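Engineer: Going by this note's numbering, the letters in the sequence shown line up with residues 176 to 385, in that order.
No lab work stands behind these hints, which were simulated from the structure alone.
Please read all numbers here as calculations on a predicted model, not as lab measurements.
Ideal Cβ placement from N, Cα and C applies to all residues, glycine included.
One thing to keep in mind: the hints can contain errors.
Simulated DEER-style distance windows between Cβ atoms [unchecked claim]: (1) E189 <-> D384: 42 to 48 angstroms; (2) V358 <-> L187: 42 to 48 angstroms; (3) K331 <-> K219: 17 to 23 angstroms; (4) E247 <-> R296: 18 to 24 angstroms; (5) K219 <-> E247: 30 to 36 angstroms; (6) V199 <-> E332: 29 to 35 angstroms; (7) K291 <-> L311: 30 to 36 angstroms; (8) N337 <-> K369: 23 to 29 angstroms; (9) I314 <-> M279: 18 to 24 angstroms; (10) K374 <-> V199: 46 to 52 angstroms.
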Amino acid sequence: MATTLKESFHHLFELPLLDEIEEVGVALQFQEGEKIMEIGEYIKGMPLLVSGVIKILREDDEGDELLLYYLERGDTCSMTMACCLGDTKSEIRAIAETNVSLVMVPIRKMEEWISKFRSWRNFVFESYHNRLNEMLSTIDSIAFMNMDQRLMEYLKEKVRINQSNTIQNTHQEIAYDLHSSRVVISRLLKRLEKLGKVKLHRNHIETLDL
Numbered sequence: 176m177a178t179t180l181k182e183s184f185h186h187l188f189e190l191p192l193l194d195e196i197e198e199v200g201v202a203l204q205f206q207e208g209e210k211i212m213e214i215g216e217y218i219k220g221m222p223l224l225v226s227g228v229i230k231i232l233r234e235d236d237e238g239d240e241l242l243l244y245y246l247e248r249g250d251t252c253s254m255t256m257a258c259c260l261g262d263t264k265s266e267i268r269a270i271a272e273t274n275v276s277l278v279m280v281p282i283r284k285m286e287e288w289i290s291k292f293r294s295w296r297n298f299v300f301e302s303y304h305n306r307l308n309e310m311l312s313t314i315d316s317i318a319f320m321n322m323d324q325r326l327m328e329y330l331k332e333k334v335r336i337n338q339s340n341t342i343q344n345t346h347q348e349i350a351y352d353l354h355s356s357r358v359v360i361s362r363l364l365k366r367l368e369k370l371g372k373v374k375l376h377r378n379h380i381e382t383l384d385l
């Protein structure tokens, strides 16, 4: 049975707010791998993630991507909120990591609910705080971790969010997420295989002892 908005957000919002979200929100579904938001687009609403996982990416001047963080059930994207309230273009790309169900909240209600519902105000501030911490963690990993450490953390996070020891991404896709090259990632995965951490298959990676 599909997860509902109230099941995902009942612990965060009071019932009157949930009722208003259901009344004005637009329910959307995306398939795994589908693009949800693109860099340069104007954002017309704020997404509340009902089910699934979304990955948030940045892009450099040469078109190379970097994975910033994942959004999971009960989350929203603080960078999207900032774009909505400031009427600016998106600076991130959002891709469905798994099949995704979300509710898009109109901008006019975002501002109204900040003064009307304490739970909404707390949710907005906490979302900013959580996403900032995740971006700082990404910056730290780039600045202070070797690529082999970053790859290990990436694989562990993939296992956690997908709740599976099988990772379907290609070496090239992993390289895109980590802002590296396929050659480097393939070499490091081979090293992990020799250490008994993973088993490499033709179309997927099986994690063994991360």
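Engineer: Which hint numbers doesn't this structure obey?
Structural biologist: Of the numbered hints, 3, 5 and 9 do not hold.
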